[in-house]
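Asks: Taken in sequence, the protein lines are chains V and H.
Under our numbering, think of the first position of the first sequence as 1, with each following residue one higher.
Under our numbering, think of the first position of the second sequence as 1, with each following residue one higher.
There may be inaccurate statements among the hints.
Here are the in silico distance ranges between beta carbons for each label pair [unchecked claim]: (1) H:Asp166 with V:Thr210: 29 to 39 Å; (2) V:Val93 with H:Ser60: 33 to 43 Å; (3) H:Asp46 with V:Asn176: 16 to 26 Å; (4) H:Asn146 with V:Thr210: 47 to 57 Å; (5) V:Ala211 with H:His115: 42 to 52 Å; (6) V:Ala245 with H:Gln192: 25 to 35 Å; (7) V:His29 with H:Leu19: 18 to 28 Å; (8) H:Asn176 with V:Arg214: 26 to 36 Å; (9) V:Ser46 with H:Asp88: 39 to 49 Å; (10) H:Gln192 with V:Arg214: 29 to 39 Å; (11) H:Pro126 with V:Ala211: 39 to 49 Å; (12) H:Pro114 with V:Thr44: 52 to 62 Å; (13) V:Ala211 with H:Tyr85: 43 to 53 Å.
Calculated from the structure, these hints are not laboratory results.
C-beta: ideal position from N, C-alpha, C; glycine also.
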Amino acid sequence: MDQRGLGTVGVRTLTTGPGAELPKVHAEHVEEALLQARALIESTVSLHRRRADGPAPVSRTDAEAFSETVEQLIAGARRSVSLALVSNGKFAVEARRVLSRPPRAEHAQGGPVVRVLCVGAATEGAVDLLANLRMPQVEVRVSETDLREVLIVDGRGALVRSGAAGRGGRDAVTVNDPAVVRALDLLFAGAWSRARPLVHHVTLSPRLDTAQTRRVLEMLREGHTDEVAAQELNVSLRTYRRHVAEIMRELGANSRFQAGFRAVELGLLASQG
Amino acid sequence: MPDRAVDELEEALLGVSALIESTVAMNRDRYSTDRLITAISGPYRDVLATAEAMITGARSSIDIVHARRIQEEERSERSERGLLYKADPSVTVQLLSSPELLDETFVREQIDLPHPVAIRVARVPPLQAVMVDREAALVVTGTGVNRRAAVIRVPEVIHTLHILFDNVWRGSVPANERIVFGDRARAAFARQILGALRAGVTDEVAARELAISVRTYRRYVAEIMTLLSANSRFQAGVRAAELGLLPPSRSGSE
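Input sequences plus hints: build the corresponding full structure.
Replies: Structure (structure tokens):
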């Protein structure tokens with residue numbers, strides 16, 4: 001197209017000034033400049049093509065494309081899907097929708113391991129997620145500390161939600177750089193190993209969440225003798241020991257050392273951490 | 001007549017010029033997104049040079065994850081730990097190290113410093129990271145030909161890395177409070193005793209399993225409790241869990 005366009009312009013310029021020598025020479029200069037410009041643009045095109053290999057290391061996804069991106073990432077998962085949830089919001093809903101689909105044929109056995117890390121507020125959504133999932137290898141854990149919503153797949157791709165103040169309607173950031181995705185994956189694993197399993201979170205709360213239990217645990221934690229602790233709590237030694245025995249039963253512990261260890265693992269003593 | 005032809009030409013040229021202008025803008029836009037993540041594919045000294053530039057340029061905070069074993073071919077006289085002394089003294093430095101990579105000399109050096117580096121120990125997967133001013137991060141993963149390094153400036157990703165870092169940091173132990181059971185053999189024996197305590201077996205059963213007398217077993221338990229500054233076995237259990245002295249229980253054990 002360029003070629004024809006230039007040709008026409010050239011011809012017209014040549015024919016319009018029959019009497020003048022100067023414009024003709026001038027027109028030749030213009031044509032030369034234009035041809036140079038064209039060559040320059042062509043080399044820029046190939047320069048650009050060389051760069052455009054592979055996906056961009058990072059790109060922003062707007063609200064419309066968000067579902068699709070989540071879906072693509074999860075559908076392509078082979079080994080692991082790691083998900084951090086902070087609320088029962090859009091991200092949780094979207095992840096649940098994709099994860100509740102029947103597994104694809106090649107995943108009939110041994111699909112990806114799905115790890116869902118959530119904060120207390122997102123627990124309910126996570127329980128729903130567990131109930132609806134078709135993927136067999138799902139584990140949910142509850143984190144004591146703050147999180148940010150992120151989806152990491154196979155240490156290969158990641159998607160980070162852009163918080164409430166999303167930049168210009170952009171909903172999420174997709175990351176494809178292997179080092180960055182691996183870094184997210186490794187730190188996620190670090191946080192994961194410190195979180196407690198959802199089963200504990202759900203089954204423990206009612207009985208161990210009484211004021212008396214907390215007081216007894218506090219006494220135990222401070223390392224008081226049973227006599228001192230009973231005195232402090234204004235109960236008989238017998239009653240105190242009965243409380244301790246009940247707590248140990250709830251914790252499934254056979255010894256006090258075991259009870260102390262479990263109490264930390266289950267986050268019953270977390271407030272002082 | 002000639003004027004109109006010239007005008008047409010000029011119009012076309014102006015059109016081309018505008019098109020180039022907008023292409024330049026498009027390229028800049030793309031370029032600035034590309035720059036948000038920059039892979040470092042060169043030799044390890046390029047990684048170190050980047051780390052140095054980031055550390056010396058830090059204005060408020062430096063957070064480091066030190067859990068990737070440095071390969072033999074990556075060693076150089078410019079040690080990672082030396083780089084930290086180049087940071088501005090007003091900058092808060094936090095270093096999270098995996099237990100096996102903890103540099104005891106570096107920990108001791110901090111004791112006399114007016115602005116010591118806060119060092120904590122936690123079991124962390126093999127990652128090496130330098131995060132500066134909560135704005136940029138250099139991450140290195142993998143070894144040998146699989147080593148990947150990149151500098152990140154994407155705010156959302158930086159924030160996520162920080163949240164996860166804080167999460168691990170809070171659950172970790174300050175390096176100077178670390179419990180050292182002595183040499184390798186003693187440490188292994190201490191772990192066996194802690195394992196028996198964690199299993200909740202009676203002292204008699206534990207002593208029999210370890211082939212020692214109950215008296216000896218109890219003496220060892222007392223020693224461990226002293227090391228943990230625990231007054232009761234419950235407290236010892238709490239400390240052992242908090243300090244990460246034993247791997248976490250399997251979730252299906254109850």
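Asks: Indicate, hint by hint, whether the structure satisfies it.
Replies: Results of checking the hints against the structure:
1. H:Asp166 with V:Thr210: 29 to 39 Å: 31 Å Cβ-Cβ, so the 29 to 39 Å window holds.
2. V:Val93 with H:Ser60: 33 to 43 Å: About 37 Å separates the Cβ atoms of Val93 of chain V and Ser60 of chain H, which means 33 to 43 Å holds.
3. H:Asp46 with V:Asn176: 16 to 26 Å: For Asp46 of chain H and Asn176 of chain V the Cβ distance comes to about 21 Å; the hint holds.
4. H:Asn146 with V:Thr210: 47 to 57 Å: holds (52 Å)
5. V:Ala211 with H:His115: 42 to 52 Å: Check passed, 43 Å falls within 42 to 52 Å.
6. V:Ala245 with H:Gln192: 25 to 35 Å: Because 28 Å falls inside the window, the suggested range holds.
7. V:His29 with H:Leu19: 18 to 28 Å: holds (22 Å)
8. H:Asn176 with V:Arg214: 26 to 36 Å: For Asn176 of chain H and Arg214 of chain V the Cβ distance comes to about 31 Å; the hint holds.
9. V:Ser46 with H:Asp88: 39 to 49 Å: holds (45 Å)
10. H:Gln192 with V:Arg214: 29 to 39 Å: holds (33 Å)
11. H:Pro126 with V:Ala211: 39 to 49 Å: Once the Cβ atoms are compared, 44 Å apart, the range 39 to 49 Å for Ala211 of chain V and Pro126 of chain H holds.
12. H:Pro114 with V:Thr44: 52 to 62 Å: holds (55 Å)
13. V:Ala211 with H:Tyr85: 43 to 53 Å: holds (51 Å)
The structure fails none of the hints (numbered hints given earlier).
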